[in-house]
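Asks: Here are the chains, one letter per residue:
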Amino acid sequence: DAKTTQPPSMDCAEGRAANLPCNHSTISGNEYVYWYRQIHSQGPQYIIHGLKNNETNEMASLIITEDRKSSTLILPHATLRDTAVYYCTRMKTSYDKVIFGPGTSLSVIP
Amino acid sequence: DARVTQTPRHKVTEMGQEVTMRCQPILGHNTVFWYRQTMMQGLELLAYFRNRAPLDDSGMPKDRFSAEMPDATLATLKIQPSEPRDSAVYFCASGLVQELAGVYDTGELFFGEGSRLTVL
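Chains as they are written, first to last, in the numbering used here: chain A, -12 to 97; chain B, 3 to 122.
So that you can see chain B by itself, here it is in the shape it has in the complex:
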């Protein structure tokens, strides 16, 4: 049963420390999204990639957040330095976009179980 895998599931760290969250998208998917969820803000889109290239990262605080896809099987979200306001659940989602004769066929997004980050 294919699924999106995120690590770590839980992370507690102190303010100022670097945090790296990892996501393994479903094999063959070409689109990866990073979301952050808090009670106050709900699900916020941070960044997304197509074929490993970043398409939009306007939702990320640029000074401390960075997102990359070193290869097709790994997406990373890094926070340096972390702050208490970064405490949230971070979700990764992957999907497959295919183009046939100029028409895009989108499928569903598959979400991981999330990485719960607590910054003290």
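Looking at chain A on its own, in the form it has when it is part of the complex:
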């Protein structure tokens, strides 16, 4: 049980922002939201994580709703290389059972 819900697939035009939603309505107070992506059959790669506040790094931005029941990963200017499966996961502060769901398959279209 991944305990997160994501749309199975999304398309995004190259150069536009890709907004990937994740629902984690049962998240508890000490669980972070983490995002990873997997390109082809490579190992998943960390993107970003957050607890309560919005976060930004060189790869993406993470917007977490005030009630923490959902979040959105934003790739500001999607490129073809961003085509991948994106996983939203919950991680307790003690690394308890990191479970990955099916994720969202993002296709960036030229």
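To be clear, the hints were calculated from the coordinates, so they are not data collected in a lab.
Note that this is a predicted model, so its numbers are computed, not measured.
Even for Gly, the Cβ is constructed at its ideal location relative to N, Cα and C.
Check each hint, because a few of them may be wrong.
Said to hold, decoys possible - Below, simulated DSSO-like cross-link-like pairs (lysine-lysine); rule was C-alpha separation at most 30 angstroms, straight line:
#1 B:K64 - A:K79
#2 A:K84 - B:K80
#3 B:K80 - A:K(-10)
#4 B:K13 - B:K80
#5 A:K79 - B:K80
#6 A:K39 - A:K(-10)
#7 A:K39 - A:K56
#8 B:K64 - B:K13
#9 B:K64 - A:K84
#10 A:K84 - A:K56
#11 A:K56 - A:K79
#12 A:K79 - A:K(-10)
#13 A:K84 - B:K13
#14 A:K84 - A:K39
#15 A:K(-10) - B:K64
#16 A:K(-10) - A:K56
#17 A:K84 - A:K(-10)
#18 A:K39 - A:K79
#19 B:K64 - B:K80
Unchecked claim - Which bits of chain B does chain A cover? Going by a derived footprint, with three or more residues having C-beta under 8 angstroms, they are:
#20 43 to 53
#21 85 to 97
Chain A is fixed; fit chain B onto it per the hints.
Replies: What follows is chain B alone, placed relative to chain A:
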């Protein structure tokens, strides 16, 4: 550039044979995960370790799978005997969990490139 190293990258074997996959976590990391990925099941958590001690292996078929950490630089996943349904990509991931004044600081998980197993 620190990374998680997995061997072998590819393995083809016959049903009934023993298979051992190895993982070298990033130096200094204290937590190691084993995942299995198939098209049908996605990424499944098999087992994980903290400071070399197994914390949970409930995702593993106990009769044929075993996971160990002989030392801090090596994690192994063994299948004996292997079956065709074990064909999958096996990923190892490592991370560092630190506790400061009762608060755990988790970092990101670093994944290896995976071991692709085919059991004929």
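Asks: Holds or violated: are the alpha carbons of K39 of chain A and K56 of chain A at most 30 angstroms from each other?
Replies: holds, 10 angstroms
Asks: Would the hint linking K84 of chain A and K56 of chain A be met if the CA-CA limit is 30 angstroms?
Replies: holds, 20 angstroms
Asks: Would you mind confirming whether the straight-line C-alpha gap from K64 of chain B to K13 of chain B stays at or under 30 angstroms?
Replies: holds, 22 angstroms
Asks: Verify the proposed pairing of K64 of chain B with K84 of chain A, using a straight-line Cα cut of 30 angstroms.
Replies: Status holds; Cα separation ~18 angstroms.
Asks: Hey, K(-10) of chain A versus K56 of chain A, does the alpha-carbon distance stay inside 30 angstroms?
Replies: Holds. K(-10) of chain A to K56 of chain A sits at ~11 angstroms (cutoff 30 angstroms).
Asks: Does K64 of chain B pair with K79 of chain A here, judged by a C-alpha cut-off of 30 angstroms?
Replies: Roughly 26 angstroms between the alpha carbons, so the hint for K64 of chain B and K79 of chain A holds.
Asks: Holds or violated: are the alpha carbons of K39 of chain A and K(-10) of chain A at most 30 angstroms from each other?
Replies: holds, 18 angstroms
Asks: Hint check: K84 of chain A vs K80 of chain B, CA-CA at most 30 angstroms. Holds or violated?
Replies: holds, 21 angstroms
Asks: So if I understand the rule, the pair passes when the alpha-carbon distance is 30 angstroms or less; does K56 of chain A with K79 of chain A pass?
Replies: Judged against 30 angstroms, a Cα distance of about 15 angstroms means the pair holds.
Asks: With a cut-off of 30 angstroms on the C-alpha distance, tell me whether K84 of chain A and K13 of chain B pass.
Replies: holds, 27 angstroms
Asks: Does the segment 85 to 97 of chain B contain three or more residues whose Cβ lies closer than 8 angstroms to a Cβ of chain A?
Replies: Since three or more residues must qualify, the claim that chain A covers the segment 85 to 97 of chain B holds, with 4 doing so at under 8 angstroms.
Asks: Under a C-beta cut-off of less than 8 angstroms, do 3 or more residues of the segment 43 to 53 of chain B approach chain A closely enough to confirm the stated coverage?
Replies: The restraint on the segment 43 to 53 of chain B holds, since 5 of its residues have a Cβ under 8 angstroms from chain A and three suffice.
Comparing the model with each numbered hint stated earlier shows that all of them hold.
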